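Undergrad: Residue numbers (my numbering), protein chains in the order written: chain A, 1 to 415; chain B, 1 to 415.
If you are wondering where the hints come from, they were derived from the structure by calculation, not from laboratory data.
Some hints here could point you the wrong way.
Stated by the list, open to error - Each computed DSBU-like pair below joins lysine-lysine, with the alpha-carbon atoms no more than 35 angstroms apart:
no., chain 1, residue 1, chain 2, residue 2
1, A, LYS212, B, LYS242
2, A, LYS57, B, LYS312
3, B, LYS28, A, LYS242
4, B, LYS312, A, LYS414
5, B, LYS105, A, LYS364
6, B, LYS28, A, LYS407
7, A, LYS125, A, LYS223
Here the structure is a predicted model, which is why all the values come from computation and not from measurement.
There are 2 protein chains.
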Amino acid sequence: MTVELICVGTELLLGNIVNTNAAFISEKCAMLGLSMYYQSVVGDNAGRLGHLLHMAKERSDVIILSGGLGPTQDDLTKETAAEAMGKELVEDARAREEIEACMAKRGHAITENNWKQAMVPQGCKVLYNPNGTAPGIIMEDGDTRMILLPGPPNELIPMFEEQVYPYLRSLQPEIICSKMIKLCGIGESAAETKILDLINGQQNPTVAPYAKTGEVHLRITAKAEDEKAAFSLIAPVEEELKRRFGDCVYTDDPLVTLEQAVARLLEEHRLTVATAESCTGGLLAGRLVNVPGISGSLKEGYITYSNEAKEKLLGVSHGTLTAYGAVSPQTAAEMAKGGAEAAGADICISVTGIAGPGGGTEEKPVGLVYTGCYCKGNVYTEKNLYSGSRSKIREYAVANALTLLRKVILDEVKG
Amino acid sequence: MTVELICVGTELLLGNIVNTNAAFISEKCAMLGLSMYYQSVVGDNAGRLGHLLHMAKERSDVIILSGGLGPTQDDLTKETAAEAMGKELVEDARAREEIEACMAKRGHAITENNWKQAMVPQGCKVLYNPNGTAPGIIMEDGDTRMILLPGPPNELIPMFEEQVYPYLRSLQPEIICSKMIKLCGIGESAAETKILDLINGQQNPTVAPYAKTGEVHLRITAKAEDEKAAFSLIAPVEEELKRRFGDCVYTDDPLVTLEQAVARLLEEHRLTVATAESCTGGLLAGRLVNVPGISGSLKEGYITYSNEAKEKLLGVSHGTLTAYGAVSPQTAAEMAKGGAEAAGADICISVTGIAGPGGGTEEKPVGLVYTGCYCKGNVYTEKNLYSGSRSKIREYAVANALTLLRKVILDEVKG
């Protein structure tokens, strides 16, 4: 069964607000196994909306509209949709009462145009709205179903959860389940090349790669009559992906981030860590602190953007800085070693590089970043060259520092 | 002139990500005075995308597409768009070189599918992409213009700003000029209330407020036959806004960020600063290091997420921590004072709070954040209560710490 989403609102066309309703409704429909092929945004214009609705009726089984149910003249979603479905508008007694009650509660005087919101298409199912004055509507015309929802998320979300989701679920014989596998330390193309044979000619389940900064996420999606059947379709593919990517897989939980995976390893193995950052200037520690309760593992963090600070806080030798420069494997190594000693931590991860836009040379171009990791007496360093803006280079440097940190911990615990 | 936006990506139809590109592009098109009547989202499906493109060609002058330019098999926006515009794909030498260079820099092996990204429609304008491997494309067919952009915002945004915006601007007969005034230290509704009289019944120029995290941006937009005329319409409104918001105005340059404004003040007045962060865990220093060349002003940064680190690195007294707790004005003050002394800096800005989701109490709820600022003997503290996710609370805390830092410097230099 196919579903189509039409969001009505000039504020979306002007970019005044971000369309979070679309993401919310799309995710719910995907969970229900409804296939969404089209999303549209139109302004409060009867002609364009009407034209779109007629097209939608021809290509989709369920059409969900959000927005344009307000009391004002330019709110015409309901009128236009009713016309497209060949329905007359009639007053709904309960809707009228609820509007009266709601306005009274808000202490607002009722104006004539408020009653406009009590008019509903004949024979429709009215979705009463405890959070506002605009009721939602479900109407059917032959095999086509049209669902009208108010635009404000605080009205739309509960109405969808409580009244629309169960309705759509009842229409759906099949459901969709998906599993996410997250990788670090491998690029998108390299990852895809490893699984081209799985992607080509895939039917059910399907595998789709998503590129993130320094990560690749693989989503396995299956359709079946129930969850159990869906996950039994997913299981062998998941196992195969984990076999192929090995240690690059840092989680199979969609809610777990790379920093959380690292934090779990630290906690699990009772390892403490410190950070010593130059060009990333705190962003690496900032990501670790995304994890609630990291204080047990994160001893201290040092932001040593200047050479002076590298010497003073991390004990990087003046000789190293003058001989090799601040952006060198030697400095990265001394930063990591010195940071661990200063913090009394088992591990210290360091980053030093040239984030640009200035400061690059032929020998040391913008984007050159050295990462160092000290762990119980051993020091590892890594060299990377990133392209892009200053912020992009720093984002990549942070993602790769977390990846190196994870790798070092895994090697350490493997012995 | 009308513009239409088509975002390509199954991840949008599945609700995996929120379509922030649409809001960004729509806002820019509105600034240019382009009328947008339709936005659509389709999946990576040649048939449906092709059908939509043919419709778009009939109803819109400019068609902007985002997404589906990646190296993978399911990325087919370019192929489908070229066909709709009747263009052959040919290899672009420079695009090929840049992909080679980019992959080499990232240390990724080049796989066959990477070369797919070097193919471009014959006779098109190639928008080279310093932030990724997918070049953007501008192609024309009669009066129809089609613009293809990569999906990742960190690639799309700079490409649009630097290459697409000037192109679209050149198509517009009427000049639209705008001026941005950026405010900190005032909320959106408070800011809007101050200028309701200007917003109501405005024609040309118009004033539009945009709420950002911890900031409000006011855009003044004027239409005229040339820049000079447009800016002479803008000037009096700009002056009035600056008069009304006074010190809350941190810049009237759209490219200057709050951290840049702060960095300029520090440099201008030869003041050095240090950071002492608990719940923000380095994000505050990270924002200061967004500014190239901050090393002259930023002495050191301390990440002291644990109480132990607060005592050891910042000299916060054990008594203060036990008597008032880590999240208290007393601790924020001692962190700032101790941080400035340890770093030998004129100023130190400190942040300590409860970012959640756990750890809140009735007395100290999640979202409670204290900011401290030491400056040449004086210590200021500020209390804020934010709502939202852990990351949202930390973002607000960072923005407000920068705002307090700016305020303290302004007071200091005023004497």
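Undergrad: Each hint needs a verdict: does it hold in this structure or not?
TA: Structure-based check of each hint:
1. Between the alpha carbons of A/LYS212 and B/LYS242 the distance comes to roughly 41 angstroms, so the proposed pair goes past 35 angstroms and is violated.
2. Taking the CA atoms of A/LYS57 and B/LYS312, the gap is about 68 angstroms. The hint is violated against a cut of 35 angstroms.
3. With a C-alpha separation of about 43 angstroms, the suggested pairing of B/LYS28 with A/LYS242 is violated against the 35 angstroms cut-off.
4. Distance hint between B/LYS312 and A/LYS414 is fulfilled; the C-alpha atoms sit about 33 angstroms from each other, no more than 35 angstroms.
5. For the given pair, B/LYS105 sits about 12 angstroms from A/LYS364 by alpha-carbon distance, which is consistent with the 35 angstroms threshold.
6. Only pairs whose Cα atoms come within 35 angstroms are accepted, and B/LYS28 paired with A/LYS407 is rejected, the gap being roughly 43 angstroms.
7. For the given pair, A/LYS125 sits about 29 angstroms from A/LYS223 by alpha-carbon distance, which is consistent with the 35 angstroms threshold.
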